[in-house]
Amino acid sequence: MSRMSKLLIGGTMAFAVVSSTMMSNAWARTNHALLVAVSDYPNLEKRFWLTGPKNDAVLVRDFLLTNSFTPFKQDNIITLADGVEGAGAPTLQGIRDAVNRIEADLEPGDFVYLHFSGHGSQAPARNPDTELDGLDELFLPADVGPWNDTVGNVENALVDDEIGTLIDGLRKKGVTVWAVFDSCHSGTVTRGAPSGEGEDREVSRKLSTDALSIPDDRIVEAAQATTRGTGSTKPETSALAEGTSGTAEGKFVAFYAAQTNETTPEMRLPAGKKGRKPHGLFTYTLFETLAQSPGITYRQLGQEILRRYSTTYRVQPTPLFEGDLDGGVFGQEGTDAVRQWQVTQGGAELTIPAGEIHGLSVGDEMLLMASATDGDDAAVGRLSVTGTTSLSATVEVTGDDFIDIPEFANARQIAKTLDFALTVARPDMTDLSDDKKAIVEAAINAVIAEEDSGLRLELVNPGEPADLRLAAPSLAGLESLAGKPVQLPGGVEHIWLLPSSGAITVDGPTKSFSIALRDPSASVGPMRSAEDLAPILSDILARIARTNNLLKLGDVTAPGDLDLAVKLKTRKGKGRPFSDLDPAAVAALVPGDEIHFEAQNASTNPLDLNVLYIGSDYSITFMWNGRIKPAETLKKGLLRINDKSFGRERLLLITTQATPQSPVADLSWLTQPALERTRATRGNDSGFNALLRQSGFGTTTRGAAPLGDEEEGGTGHIAQIEIQTMPAN
-14 MSRMSKLLIG
-4 GTMAFAVVSS
6 TMMSNAWART
16 NHALLVAVSD
26 YPNLEKRFWL
36 TGPKNDAVLV
46 RDFLLTNSFT
56 PFKQDNIITL
66 ADGVEGAGAP
76 TLQGIRDAVN
86 RIEADLEPGD
96 FVYLHFSGHG
106 SQAPARNPDT
116 ELDGLDELFL
126 PADVGPWNDT
136 VGNVENALVD
146 DEIGTLIDGL
156 RKKGVTVWAV
166 FDSCHSGTVT
176 RGAPSGEGED
186 REVSRKLSTD
196 ALSIPDDRIV
206 EAAQATTRGT
216 GSTKPETSAL
226 AEGTSGTAEG
236 KFVAFYAAQT
246 NETTPEMRLP
256 AGKKGRKPHG
266 LFTYTLFETL
276 AQSPGITYRQ
286 LGQEILRRYS
296 TTYRVQPTPL
306 FEGDLDGGVF
316 GQEGTDAVRQ
326 WQVTQGGAEL
336 TIPAGEIHGL
346 SVGDEMLLMA
356 SATDGDDAAV
366 GRLSVTGTTS
376 LSATVEVTGD
386 DFIDIPEFAN
396 ARQIAKTLDF
406 ALTVARPDMT
416 DLSDDKKAIV
426 EAAINAVIAE
436 EDSGLRLELV
446 NPGEPADLRL
456 AAPSLAGLES
466 LAGKPVQLPG
476 GVEHIWLLPS
486 SGAITVDGPT
496 KSFSIALRDP
506 SASVGPMRSA
516 EDLAPILSDI
526 LARIARTNNL
536 LKLGDVTAPG
546 DLDLAVKLKT
556 RKGKGRPFSD
566 LDPAAVAALV
576 PGDEIHFEAQ
586 NASTNPLDLN
596 VLYIGSDYSI
606 TFMWNGRIKP
616 AETLKKGLLR
626 INDKSFGRER
636 LLLITTQATP
646 QSPVADLSWL
656 TQPALERTRA
666 TRGNDSGFNA
676 LLRQSGFGTT
686 TRGAAPLGDE
696 EEGGTGHIAQ
706 IEIQTMPAN
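So the sequence shown is numbered by our numbering: it starts at -14 and just counts up by one.
There are no misleading hints in this set.
With a Cα cut of at most 20 Å, we get these calculated EDC-like pairs of lysine to aspartate or glutamate:
| hint | residue 1 | residue 2 |
| --- | --- | --- |
| 1 | Lys259 | Asp349 |
| 2 | Lys552 | Asp311 |
| 3 | Lys537 | Asp349 |
| 4 | Lys421 | Asp517 |
| 5 | Lys31 | Glu187 |
| 6 | Lys236 | Asp311 |
| 7 | Lys236 | Asp153 |
| 8 | Lys258 | Asp404 |
| 9 | Lys554 | Glu707 |
| 10 | Lys258 | Asp452 |
| 11 | Lys262 | Asp452 |
| 12 | Lys552 | Asp309 |
| 13 | Lys559 | Asp628 |
| 14 | Lys537 | Asp452 |
| 15 | Lys157 | Asp309 |
| 16 | Lys422 | Asp517 |
| 17 | Lys158 | Glu92 |
| 18 | Lys421 | Glu516 |
| 19 | Lys31 | Glu140 |
| 20 | Lys496 | Asp452 |
| 21 | Lys158 | Glu147 |
| 22 | Lys236 | Glu147 |
| 23 | Lys620 | Asp567 |
| 24 | Lys236 | Asp146 |
| 25 | Lys262 | Asp25 |
| 26 | Lys157 | Asp82 |
| 27 | Lys537 | Glu443 |
| 28 | Lys552 | Glu707 |
| 29 | Lys496 | Glu478 |
| 30 | Lys259 | Glu187 |
| 31 | Lys259 | Glu443 |
| 32 | Lys554 | Glu583 |
| 33 | Lys236 | Asp309 |
| 34 | Lys236 | Glu88 |
| 35 | Lys31 | Asp128 |
| 36 | Lys554 | Asp565 |
| 37 | Lys58 | Glu70 |
| 38 | Lys421 | Glu478 |
| 39 | Lys258 | Glu350 |
| 40 | Lys58 | Glu88 |
Simulated from the structure, these hints should not be mistaken for lab results.
Put together the whole structure using the sequences plus the hints.
Here it is as structure tokens:
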């Protein structure tokens, strides 16, 4: 089994060095890049302008120039971005000319990276037969204009079909093309509650059809003209490169920030860091993952992006990854390596070419190594990080002893630690009366004062970066999923628990979680006391923290060489055919659908596998555990989706190395019941095992039920699989 396969199944990314053979192959080709970033739209109202794309362009350009595993030369990077020194104008013709220039310079075997940051939108399709929803997806250059009804298009928009044709032209030269689109195309089904004031708020990279002056009747007409007698109900997922033919020589990979019915945000990143700048969430997460996990495949990169989104309670947008995903990113493949960077001394200051997107923070400790190949015990000193930018850091020697920095010294990152604290933003209680404010504040303070709960809670002010937001919005102006004014029984007031974005859904099966301040069974009645609210709030926060801590564990490398290959398959019921479940995609499953797995132990040690299911209702369900002997392969019917909950759910496969004569590792103690959508009542380890204990600081099945042992036979690392459960109709 290959190292790359091991990394995918393990779900934990190893770090890579490039072998001499791979490096010579990399230098034998030429790497090209086109970075398009549009922040300003002179032909549109200024309220539609963005701030993050220009920062995306600088981040991506600097990463390509400085990364150690895939070299890009400055002369082979074309940057079209407003507000970036030396960059060209990101107009439609500018984009066309840049692609043509790259195409003219290509030789077979070269590599082309394309990155688009800016607004996206949709318009009636020029060729409705090619679009399932009757709409073309658009990327909007800086000179985009309004809808021209005479010719039936948005002036100067870059249409998906043209993007596909441009990419095909590159691939016909026998090169590999990787295209990334950090834009979006349509609206979500939820309405946003304020996530705070100032520059930390999220901004959508989506322009409505109204902003482009597209008549409503043309949109309706386009929708009615779709599927032309085919009866197709297949959802459309591919966003901007649909015009690629698939017949060109070169390979093609496309990453999309959002599917066609979603928006994607930009915000100041990294969250909570001093000096943070607006970036596209997708762009920043992508390059943060690459910086920390070089040598992985495109599929592994997509899987890790989905996992990182999940640790911030984000269920939308859903990034999409298509194409030749099993190749190494930028055409590279790597092996395990320590995370270290060469130290540069400039006067009294020491710097390293790694920063915030590499996972470094001020105060982090590092080892000072005289040789990159030495073991940790040969360290000649210790360093502390004193300052960071996105791609660099300053460090200083710690301790009282003077150390002469060796030539070619390296700063090596010490084993990564996890922060199990839950950061919660206090609610903006502007809309609450003084007596209600006093009760809510007293309840929050009572939760903070708890000493024995095990919950690691950090409270911040409204609007500050946080994992979770408490909100007490006025429901006036909020809309339901159907776009109608909200009508809650008896005008019941709630404290809402929202993701970092502040997005709120006030009705339907995926309604945001809340705590009723009054008895919901009565239209009138006294407010609950702080003594009643505090245990409810504490219990909810503890359940949310436990599930999120488990998801965070996917970012830690378990000790040992755990080489377990796991293949997941789905089917529509007993006797039906199986289809593969792609870990880099979010599978849409309905009640009755089943998930099965096949696990093969390719190591020389017995391995224990535990399978947990994390529901959209914050339930944790223990599904199965067992020991897999060396060279053994097990097939197991795992679970069947039911109708108890719908939304974004996760399957965790946790692998640990077994010790001789020990019982099978049993993580069933991590189970917890589901969280009600509206709450009105109370309701000696070390290493990796210690992390599991800390994450749970602690068996009702909700969204899925385990299949019986009679199904298909068969009696660390954490692999996380995302699924979307929904009603069958």
